[in-house]
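Based on the hints, put chain R in the right spot on chain S.
2 protein chains.
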Amino acid sequence: MDKLKIFAPATVANVSCAFDILGFALDTVGDEMTFTKTTEKLVQITLPENSNLPTDPLKNVAGVVAIEMLKKANADFGVLIEIDKRIKPGSGIGSSAASSAGAAYGVNRLLGDIYDNAELVQFAMLGEALASGVAHADNVAPAIFGGFALVRSYSPLEVIKLNSPNELFCTVIHPQIEVKTEKSRKILKKNILLKDAVEQWGNIAGLISGLYSEDYDLIGRSLQDKIVEPVRSLFIPLFYDVKKSFMDAGALGGGISGSGPSVFALSRGEKQAEKVAEAMRKVYSQTNIDFDIHVSAINSVGIKEI
Amino acid sequence: MDKLKIFAPATVANVSCAFDILGFALDTVGDEMTFTKTTEKLVQITLPENSNLPTDPLKNVAGVVAIEMLKKANADFGVLIEIDKRIKPGSGIGSSAASSAGAAYGVNRLLGDIYDNAELVQFAMLGEALASGVAHADNVAPAIFGGFALVRSYSPLEVIKLNSPNELFCTVIHPQIEVKTEKSRKILKKNILLKDAVEQWGNIAGLISGLYSEDYDLIGRSLQDKIVEPVRSLFIPLFYDVKKSFMDAGALGGGISGSGPSVFALSRGEKQAEKVAEAMRKVYSQTNIDFDIHVSAINSVGIKEI
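Those protein sequences? They're chains S and R, same order as listed.
Using my numbering, you'd call the opening residue of the first sequence number 1 and step up by one each time.
Using my numbering, you'd call the opening residue of the second sequence number 1001 and step up by one each time.
There may be inaccurate statements among the hints.
Selected chain R positions facing chain S (in silico; Cβ < 10 Å) [unchecked claim]:
1) Phe-1019
2) Leu-1022
3) Gly-1147
4) Leu-1150
5) Ser-1153
6) Ile-1160
7) Leu-1162
8) Lys-1186
9) Lys-1189
10) Lys-1195
11) Val-1198
12) Gln-1224
13) Leu-1238
14) Met-1247
Quick caveat, the hints were computed from the structure, so don't treat them as lab data.
Ideal Cβ positions, reconstructed from N, Cα and C, are used throughout, including at glycine.
One chain only, chain S, in its complex shape:
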């Protein structure tokens, strides 16, 4: 294979109670990336003209992933990566992860599929480390595996693809303010109360159980986060108004997407998710904050060739 084009999905990480261990992939929003083999043993990046992202491959998340993969595989070719960046950087729906995971997937195809999904996650984490200083996997794992992906352990890295009930839809609103992942990580307390942790892991266990048993109400009841949300929500204007709006509109539950500022809600059925979008839209319409809204099924396959 000398050339391919892919869709690399946006992802929602953390998923309320499941901070740092869980994420899921979206279907209607993602980057498009084209990979072309070159005879020159170089990685080259192109981006849309209006993009502020670096095209220097050593400074671009897709670039660092591709360089490492080609080096490890001792490849005798280079790659041109054309990124049609559709996920806004800093939105909290896995913008850097989509490019990182997309690069891992695309380069692996050009290499003849020599790496498995777990290895692709590890390569993609290099991009995450460049973007945020932390090589987290809870966005790149669902981007690559699709569906709900659990990062059970980092050493060794273990990703588990969970069951994903097919009536589950996600609504995400992205208020266009800047929240740096690094900053929203620093604000977290290093210590937490054991009793809060116990409450949190009851909800995590409930969420995983609800995903497998396809108990939508249990999924909703389990989407509670006493540890991270109360702190990170400080960075998100009108967070609790948005939350109230989606719960009143009939969402199962929701929370901060990644480290914000996007806010997500899960609903049963697409119509319900649209209703939730309407309710969220109303909240920000009363402000001067620009925003995007996405409604999407859970993307069960991850990255797709298009």
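Frame of chain S; chain R shown alone:
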């Protein structure tokens, strides 16, 4: 119904990483209890002659549960509860829970099954509060529901019966030393590191996922506890030797049962669980500590009429 006899199972709570939220029921060890309606509106308790437990119904866990249930139901009869106590008190395999849950089940039958399982758990928790000062549900819930029972939330109380893979067997060793639940609760730190909590909830999510997907190795890899086990194991002589012995013998994983001193291991298949029992036995045989060993399938139905 005027009389019934039941088997009330021993239970393993905490289950390593899932401190305070999860427990499962055993099949081969439990109390036998006989309930007889009496015209006198009293609760009476009888116990084997060699038992040190109180027969005063206000001081006996089964007694307080029965009194409250009869009172709430405005019953026009009393109950004689004959307890054939087979689980050693203080063993860490839900001795007080078996009697409490058994009382809730038995009295409910005499009342004409007016309460559901979730309500029975709440009545049984009164017995747990008397026994240990804390109304925890992670032993009484699996005793009543059977299988693996998750206590997702305490307010309101929500118990979820999880899938239980049928090749899963448990080996429990009870070194006959005294560990008071209260004391082993006090030793726990009130604060924990967020990063340890995140590691723990990755394992909890892995354990629940493994139970549903019947992935025995995943269940085993997830049985890791960095928070409670390192502290409570101090009370259990040779804990790490026992742990090494069962892992070397091929167990999937294990840990402290409840607040100890019993230690449990999960295995795939009964033969493997017997092999694990042999390995555990060897460790304590070299000491002057008396011990019991039980090998059991997971009891999927909970309390049974016999």
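Any of the earlier hints contradicted here, and which numbers?
-> 3, 8, 13 and 14
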